[in-house]
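Engineer: Sequence:
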Amino acid sequence: MGAGARVYSFAYDPAKQLASITDPLGRIERLEYGPTGRVTKRILPDGREVRYVFDANSNLTSVTPPGRPEHRFTHNPLNFVEAYFPPDTGAGDQGKRYTYNADKQLSRITCPDGRTIEFLYDETGAISTVAFPGGKLQFVIDPKTRNLITATGPEGVSLSHAYDGFLLTEIIWTGPIQGRLRRTFNKNFRLSSLTVNGGSPIALEYDPDNFLTQVGALTLTRDPQSGLVIGTKLGAVTTTKAYNDFEELTEQRSFFNKKEIFAVRYTRDALKRIIEKVETLEGQTTACTYQYDSAGRLAGVSQEGVQVAQYEHDANGNRLACKGQKGAKRGSYDDQDCLLQYGETSYAHTPNGEWASKTADGKMTRYDYDVFGNLKAVTLPEGRKLEYVMDVWNRRLGKKLDGSLVQGFLYQGPLRPMVELDGQNKVVSRFVYATRPNVPDYMEKGGKTFRILTDPLGSPRLVVDAATGAIVQRMDYDEFGNVVQDTNPGFQPFGFAGGLYDRESGLLHFGARDYDPEAGRWIAKDPLWFAGGDTNFYAYVLNDPVNAVDPMGLYQGIMPPEFCSPEHYNRNINNRCPPRNPTQSGPPSDCPPETAPGAGGDSGGDDQDWVGDPAWAEHIFHGGYDTYRNPATNSQCSYDRNGDLVTDVEFEGTYDYHSPTDQDGGISIFGYDLSETLNHVIHDVAPWIACGSAANYP
Numbered sequence: 004m005g006a007g008a009r010v011y012s013f014a015y016d017p018a019k020q021l022a023s024i025t026d027p028l029g030r031i032e033r034l035e036y037g038p039t040g041r042v043t044k045r046i047l048p049d050g051r052e053v054r055y056v057f058d059a060n061s062n063l064t065s066v067t068p069p070g071r072p073e074h075r076f077t078h079n080p081l082n083f084v085e086a087y088f089p090p091d092t093g094a095g096d097q098g099k100r101y102t103y104n105a106d107k108q109l110s111r112i113t114c115p116d117g118r119t120i121e122f123l124y125d126e127t128g129a130i131s132t133v134a135f136p137g138g139k140l141q142f143v144i145d146p147k148t149r150n151l152i153t154a155t156g157p158e159g160v161s162l163s164h165a166y167d168g169f170l171l172t173e174i175i176w177t178g179p180i181q182g183r184l185r186r187t188f189n190k191n192f193r194l195s196s197l198t199v200n201g202g203s204p205i206a207l208e209y210d211p212d213n214f215l216t217q218v219g220a221l222t223l224t225r226d227p228q229s230g231l232v233i234g235t236k237l238g239a240v241t242t243t244k245a246y247n248d249f250e251e252l253t254e255q256r257s258f259f260n261k262k263e264i265f266a267v268r269y270t271r272d273a274l275k276r277i278i279e280k281v282e283t284l285e286g287q288t289t290a291c292t293y294q295y296d297s298a299g300r301l302a303g304v305s306q307e308g309v310q311v312a313q314y315e316h317d318a319n320g321n322r323l324a325c326k327g328q329k330g331a332k333r334g335s336y337d338d339q340d341c342l343l344q345y346g347e348t349s350y351a352h353t354p355n356g357e358w359a360s361k362t363a364d365g366k367m368t369r370y371d372y373d374v375f376g377n378l379k380a381v382t383l384p385e386g387r388k389l390e391y392v393m394d395v396w397n398r399r400l401g402k403k404l405d406g407s408l409v410q411g412f413l414y415q416g417p418l419r420p421m422v423e424l425d426g427q428n429k430v431v432s433r434f435v436y437a438t439r440p441n442v443p444d445y446m447e448k449g450g451k452t453f454r455i456l457t458d459p460l461g462s463p464r465l466v467v468d469a470a471t472g473a474i475v476q477r478m479d480y481d482e483f484g485n486v487v488q489d490t491n492p493g494f495q496p497f498g499f500a501g502g503l504y505d506r507e508s509g510l511l512h513f514g515a516r517d518y519d520p521e522a523g524r525w526i527a528k529d530p531l532w533f534a535g536g537d538t539n540f541y542a543y544v545l546n547d548p549v550n551a552v553d554p555m556g557l558y559q560g561i562m563p564p565e566f567c568s569p570e571h572y573n574r575n576i577n578n579r580c581p582p583r584n585p586t587q588s589g590p591p592s593d594c595p596p597e598t599a600p601g602a603g604g605d606s607g608g609d610d611q612d613w614v615g616d617p618a619w620a621e622h623i624f625h626g627g628y629d630t631y632r633n634p635a636t637n638s639q640c641s642y643d644r645n646g647d648l649v650t651d652v653e654f655e656g657t658y659d660y661h662s663p664t665d666q667d668g669g670i671s672i673f674g675y676d677l678s679e680t681l682n683h684v685i686h687d688v689a690p691w692i693a694c695g696s697a698a699n700y701p
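Add 3 to the 1-based position in the sequence shown for our numbering, that's all there is to it.
Simulated from the structure, these hints should not be mistaken for laboratory data. Hints are not guaranteed to be accurate.
[As the list claims (entries may be wrong)] With a straight-line cut-off of 25 angstroms between C-alpha atoms, the simulated PhoX-like cross-links for lysine-lysine are:
1. K366 with K329
2. K139 with K107
3. K448 with K429
4. K262 with K236
5. K403 with K448
6. K280 with K244
7. K403 with K429
8. K379 with K366
9. K366 with K326
10. K261 with K280
11. K366 with K388
12. K379 with K99
My request is simple: use the sequences and hints to build the entire structure.
Structural biologist: Structure, rendered in structure tokens:
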């Protein structure tokens, strides 16, 4: 399929506003505008409508999804979001409210269930304490370097950090989960080794373009032109990948001693969606085809020409009906898209919109959450209780069964468990990452090395002994992630799309939320609301699980892990930051030297075209770096205490929050252009969370 098959057309109205977009399949999306030039209506290709209302200051005050009542927002005189009100379901006031202090910093969040989160700041404006019912988070920051020294959570989980300058070199976990991670760096500030609990180090090597070429025992081969990974080798296990002209995966094959053990080929349509998959696993070949409805949602699945699944959705993406190999089910929902009934199973929700209970065949499963929306406990129908231990970054560190710790994790980054621990904090498995943000390429367990072979979504399919070729685990899934076959349950903790799979609850944990594959939806609302990319806060990846993933539980998208790190590493460089220190060379500036922040070592008077990051973005991750952005060009730069340009700040996303613009026809959310907000999440926050910052990730 050549470039001519991927043509998008754009039409404009007499006011030069974007009026319509025609995709390669001829589907047309139309935009309508109000008198101020803001988009007031999106007419989607299938005729569904999304409506927007703005106040006189261009703040978004209302969004009406297809087939649903409006969601409302109110703002204070500073144009900060003051409250969010979901559609009324007759359950009383379910608004979420925000309070700010005199320094324009967020000081309190009041949740619909009445619980509050209080934010306290130190004299520099960094968060020092986050207080909430049942505990608090506390942060200690070095007053000179502004590096985070310790972070302590309510369950006694504490993280201590050590640095070499701005480079994080050590993390120590104390409390119920215990361990130590040491890190070293090369001359380019790239991660060069990782050591956990005094074990053997995992070395990382790079090519001259800073692409990863080896991690531990795994070697990577890249295309010399694109940099895409085209092959890997671990012991006697090798893999190959092939791509089309759009750098989309078309084939991947896995071998042991040159004998093929897993292969998959894809055929894609003009919208890059998979329409056919031919998979060979342990010598057996299966062909699947996929059909999509006019909204782009998965509508049907066929195997060997026989339809095995059909899906029907309402206007806002709720699953109304499913017909599959296990029979037919229908779903019902309230005006907030909360699931009420699916098949013979009924659901109840908290005032915050999380699952409170699930009742099937007269047996109830109960769910409990902390104030941040993290799933904290699941009480199973037979009375067993699962509890989850979280750290200050809301990562799942451990699991308890009936009060006893049975599993723990130490993390390499926000989404990467590096080791699995038992209930006595002894290492069970060590995981090594190279090609994916949240799924390891191989693991070490019991003195052996195992290659984890995944499908393109990151779902483990085969776990292979790299020395003998023995297949120690095979996992098969349906299109929404229900486990069809697991030959060795619990051998490793990852499941569909790379989520942490809890066999007892049946849920998959992805970053901020938990996903239920049976219902094909999240069990809590998207914390990003509409900035997550959907008008339905529960829908999983826009109901297209064949093509999309959501490792953070925040937005849908295909994350290209091969480019994730270098894109983020070069973010500040691409922003054309001016050197603040006159002795340092730097890229061309978007502003003349006399208007650069502190140009020539002068810290005052010359900054009229540059402003500091908003106070709410000056949080503990900034680590003492001075960050500036140019409102005219939307560039951003960070400088160390010597005035030298920092390509990326340790443990910091590159916060390219912008002023409202007309990139999306004037759709503004929380004071920021919707397109820019989504681009920031995808290109800044996602690489940071998935891979870490320049000094943090491979």
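Engineer: Determine for every hint whether it applies to the structure shown.
Structural biologist: A quick look at each hint next to the structure:
Using a Cα cut-off of 25 angstroms, the hinted pair K366 and K329 holds, with the two alpha carbons roughly 20 angstroms apart. Our distance criterion of 25 angstroms between C-alpha atoms is met by K139 and K107, whose separation comes to about 22 angstroms. For the suggested pair K448 and K429, the alpha carbons sit about 12 angstroms apart, so the restraint of at most 25 angstroms is met. Distance restraint check for K262 and K236: the Cα-Cα separation of roughly 14 angstroms lies within the 25 angstroms cut-off, and the hinted pair is therefore satisfied.
Among the hinted pairs, K403 with K448 is consistent with the structure: their alpha-carbon atoms are about 22 angstroms apart, no more than 25 angstroms. Taken as a hint, the K280 and K244 pair is honoured in the structure, with Cα atoms around 15 angstroms apart against an allowance of 25 angstroms. Distance hint between K403 and K429 is fulfilled; the C-alpha atoms sit about 15 angstroms from each other, no more than 25 angstroms. Distance check on the hinted pair: K379 and K366 sit about 20 angstroms apart at the alpha-carbon level, within 25 angstroms; holds.
Taking the CA atoms of K366 and K326, the gap is near 24 angstroms; set against the 25 angstroms cutoff, the hint holds. For the hint linking K261 to K280, the alpha-carbon distance of about 23 angstroms falls within 25 angstroms, and the restraint holds. Taking the CA atoms of K366 and K388, the gap is about 15 angstroms. The hint holds against a cut of 25 angstroms. A threshold of 25 angstroms between alpha carbons decides the hint, and for K379 with K99 the separation of about 21 angstroms falls inside it, so the pair holds.
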